[in-house]
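**Student:** Sequence:
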Amino acid sequence: MKRIFTGIAVGVIAVVVFVATTGSLSFSWPWDVVPDFNEVEVELTLPTEARIVNIEPIMLDCRARVHAEVPVSGTREHNLLGQVYRTDTLNMLAIGDVDTCVDGGAARVLRRTDGTTEIVIPGQSIKFVRPRVNTVETAASVAVSKGLLGKVTDVFPWVSDDLGLTPTAYAYSQNVIGSSSCMQTAYTITEGLITDAYRQQFLDQGADPATLTVRIDGEPTFDDPAPLYMGEGVQMSVGGGSVSCIASDTVG
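First residue of the sequence shown: 214, per this note's numbering; consecutive thereafter.
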């Protein structure tokens, strides 16, 4: 019996030595075993509330508000297999305004030895800012027509019944009000209002009107806004070919 146990022990030792030398078997403690995760799911919820994304300082002294009326005509063509089968139309009178401002601190005060004072306003410091369309006043004039064929084809699933003309017309009108053409027209009106406003400001401070002059040196830069992408088949134009700009009676 003793020889049997001795043979078994020798056999076990031989197996252990074989496994240890060949590395064919490995041992791990239960607490060393970590499960393998192949997939990790992460769910993110993004905020959907309105947010203020930027604040920038401005140094503008606004002197006049220019009111504008823009008669807008618009069309949207629907195409099928390269052929126009329907045309939607829009007409409206866009009512809006733009402010004429001067960069703060740009005006120079020249006090001469003869006792006179001259206020010089650099033309480049005059800016036309915040062109906008009054949506409430304009809404009453908006007229959109799909035509008889448009009403019929709206029932087909491949035809979009979202004209998209009204918001495009508002954006187009705002670009027209802020255009260089309209601003040049506005400047001929507001140039005198700007000089009068500065003159009155210094008179209120006690300046002698007989010795005070106000002059604009040069002209503003009349920039055009960025081009507006209106989408496929959409065209906009000023119906009467002109924009009517009138300076507000309120100055400052």
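Keep in mind the hints are simulated off the structure, nothing from the lab. Since the structure is predicted, the reported quantities are computational estimates derived from the model, not experimental observations. We treat Cβ as the ideally placed atom computed from N, Cα and C, and that holds for glycine. Hints should not be assumed to be uniformly reliable.
[Claimed, not checked] Computed Cβ-Cβ distance ranges for the label pairs, DEER-style: (1) Glu-432 to Thr-302: 35 to 45 Å; (2) Leu-294 to Ser-457: 18 to 28 Å; (3) Arg-428 to Val-357: 47 to 57 Å.
[What the hints assert, rightly or not] Once the Cα atoms are required to be at most 25 Å apart in a straight line, the calculated SDA-like pairs of lysine to any residue come out as: (4) Lys-340 to Asp-421; (5) Lys-340 to Ser-286; (6) Lys-340 to Pro-270.
**Student:** With reference to the structure, classify each hint as holding or not holding.
**Tutor:** Quick rundown of the hints versus the structure:
| no. | hint | verdict |
| --- | --- | --- |
| 1 | Glu-432 to Thr-302: 35 to 45 Å | holds (39 Å) |
| 2 | Leu-294 to Ser-457: 18 to 28 Å | violated (43 Å) |
| 3 | Arg-428 to Val-357: 47 to 57 Å | holds (49 Å) |
| 4 | Lys-340 to Asp-421 | violated (29 Å) |
| 5 | Lys-340 to Ser-286 | violated (29 Å) |
| 6 | Lys-340 to Pro-270 | holds (16 Å) |
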